[in-house]
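From first to last, the protein sequence lines are chains V and H.
Per this note's numbering, residue 1 is the first one in the first sequence, and the count goes up by one each step.
Per this note's numbering, residue 1001 is the first one in the second sequence, and the count goes up by one each step.
Note that these hints are calculated values from the structure, not bench results.
Be careful, since some hints might not be right.
[As the list claims (entries may be wrong)] Cβ-to-Cβ under 10 angstroms is the rule here; a few derived chain H residues that face chain V:
1. Q1037
2. Y1050
3. G1058
4. P1061
5. S1075
6. F1110
If you're wondering where the values come from, they're calculated on a predicted model, not measured in any experiment.
Ideal Cβ placement from N, Cα and C applies to all residues, glycine included.
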Amino acid sequence: GESVGLHLPTLSVQEGDNSIINCAYSNSASDYFIWYKQESGKGPQFIIDIRSNMDKRQGQRVTVLLNKTVKHLSLQIAATQPGDSAVYFCAGGGGATNKLIFGTGTLLAVQP
Amino acid sequence: DVKVTQSSRYLVKRTGEKVFLECVQDMDHENMFWYRQDPGLGLRLIYFSYDVKMKEKGDIPEGYSVSREKKERFSLILESASTNQTSMYLCASSLGSPGQGTLRAYEQYFGPGTRLTVT
């Protein structure tokens, strides 16, 4: 069945370093991929998206890369800050419905 | 800003009780979703709705039902709560029609969640 999974459940980085969170997906029909950030005690919040016809998209301190050949996307966070500590989810959507399929999440822990 | 609110942050219920979880969004979104979130399993879709009085089963609908009488409100009902329904429940909404193929249709806005414990 369809799945969106992550390579690592936990990522620990030093403050100021760059972070890379990876995600693999199985559904080639996905039109959009979205990264969400979930802080403790809160619901997921939209960070950045990328359409399937793109391979890179940049936001403020974040970049998402999409490699359709190997069905892999990544979220890069530049100069990671303590406020970036959260669980990050990737999600894919496409086809006749507006459903998203979520990955299991990666916990990013930023060490001061 | 889109605001999605959920009726309770924390809820404790007994096995066999009927449980209602309420979700309200204030941005006139057509689509509303209910997920449960469990460690290591991510977000799993229980039910969703594209319009008033309309509902579709998600990936894990067993033991749950939903109601959407008004566009802004989507209720999740546990007919007879069981301990394996102890979880974090998240409501979300998005704008757009099914198959619209736009980012707005996929970009879901989430509520803060309800942590339900069934004893």
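TODO: So, P1061(H) near chain V? Judge it on the closest CB pair being under 10 angstroms.
DONE: It is violated, given that the least Cβ distance between P1061(H) and chain V is near 13 angstroms, above 10 angstroms.
- [ ] Hold the hint about Q1037(H) up to the distance rule: shortest CB distance to chain V must be less than 10 angstroms.
- [x] 9 angstroms, holds
TODO: So, S1075(H) near chain V? Judge it on the closest CB pair being under 10 angstroms.
DONE: With Cβ-Cβ at 17 angstroms, over 10 angstroms, it is violated.
Task: Residue hint F1110(H), partner chain V, criterion CB-CB below 10 angstroms - done: The hint holds - F1110(H) has a Cβ within 10 angstroms of chain V, the shortest such distance being about 3 angstroms.
Task: Interface hint for G1058(H), Cβ within 10 angstroms of any Cβ on chain V - done: 7 angstroms, holds
Open item on the list: Quick check on the hint: Y1050(H) CB to chain V CB, less than 10 angstroms?
Closed with: At about 8 angstroms, which falls below the 10 angstroms cut-off, the nearest Cβ of chain V leaves the hint on Y1050(H) intact, so it holds.
In the structure shown, a violation is registered for the earlier hints numbered 4, 5, in ascending order.
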